[in-house]
Amino acid sequence: EAQVTQNPRYLITVTGKKLTVTCSQNMNHEYMSWYRQDPGLGLRQIYYSMNVEVTDKGDVPEGYKVSRKEKRNFPLILESPSPNQTSLYFCASRGHGGYTFGSGTRLTVV
Amino acid sequence: GENVEQHPSTLSVQEGDSAVIKCTYSDSASNYFPWYKQELGKRPQLIIDIRSNVGEKKDQRIAVTLNKTAKHFSLHITETQPEDSAVYFCAASIKGAQKLVFGQGTRLTINP
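As given, the protein sequences belong to chains A and B, one line each in that order. First residue of the first sequence: 41, per the numbering used here; consecutive thereafter. First residue of the second sequence: 2, per the numbering used here; consecutive thereafter.
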């Protein structure tokens, strides 16, 4: 089954403790992206990647890092999480049929 | 950069009636306009999309219209059903969908 897999689904962490949210797709898509979803703001792009080793900032990249060492994986890294990064995060990959989103990661930073 | 405005933020209609959600975009270079439906606690899922060389597209009870001159596009749902209740997002992409910019979302409630 074609899918985008994110882990974990839920995460509660403390301010300053580094964390990684993993994202993997099995559709051989070149393009992948991370979004955060906040009430009243829709989905805002954090980072995107056009291909392996090619990444670029989206609209809200501050406080986040990404890497694209393999085509299928696109992890999101929060080096020093802060409470304003509490949000619902979605990974997505894009093919001919449009974007496919992962199931989401609800992150709470206390 | 691109900015997408979506209205209304909430919409409540009686089952069987039609619902219309409207979006405007700012960048005339945008050429791809998808609509996503997000049910409670789930991921956004593409329900219909339109490209700038087309003015209207239909898929059963769902249709999207695009006015390039006015830079706005709309989602039309006819004969609404309870399962249509969800949050709907419009989006616009710039230069071949390298970046997808979303509207703020519309919470649609279908009243039985």
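One should not assume that every hint holds.
[What the hints assert, rightly or not] These stretches of chain B come out as covered by chain A in the derived footprint (C-beta under 8 Å, 3 or more residues): (1) 23-31; (2) 42-52.
[Unchecked claim] With a straight-line Cα cutoff of 30 Å, these simulated DSS-like cross-link-like pairs (lysine-lysine) come out: (3) Lys111(A) x Lys100(B); (4) Lys58(B) x Lys38(B); (5) Lys97(A) x Lys23(B); (6) Lys59(B) x Lys72(B); (7) Lys69(B) x Lys57(A); (8) Lys23(B) x Lys58(B); (9) Lys100(B) x Lys69(B); (10) Lys105(A) x Lys58(A); (11) Lys43(B) x Lys59(B); (12) Lys38(B) x Lys105(A); (13) Lys58(A) x Lys58(B); (14) Lys97(A) x Lys59(B); (15) Lys72(B) x Lys97(A); (16) Lys38(B) x Lys23(B); (17) Lys58(A) x Lys100(B); (18) Lys23(B) x Lys111(A); (19) Lys72(B) x Lys58(B); (20) Lys72(B) x Lys109(A); (21) Lys109(A) x Lys58(A); (22) Lys38(B) x Lys97(A); (23) Lys59(B) x Lys109(A); (24) Lys105(A) x Lys59(B); (25) Lys105(A) x Lys23(B); (26) Lys69(B) x Lys59(B); (27) Lys109(A) x Lys43(B); (28) Lys23(B) x Lys43(B); (29) Lys100(B) x Lys72(B); (30) Lys43(B) x Lys97(A); (31) Lys69(B) x Lys111(A); (32) Lys58(B) x Lys43(B); (33) Lys23(B) x Lys59(B).
Simulated from the structure, these hints should not be mistaken for lab results. A virtual CB, placed ideally from N, CA and C, is assigned to each residue, including glycine.
Numbers of unmet hints, in rising order: 1, 7, 13, 14, 18, 20, 23, 24, 25 and 31
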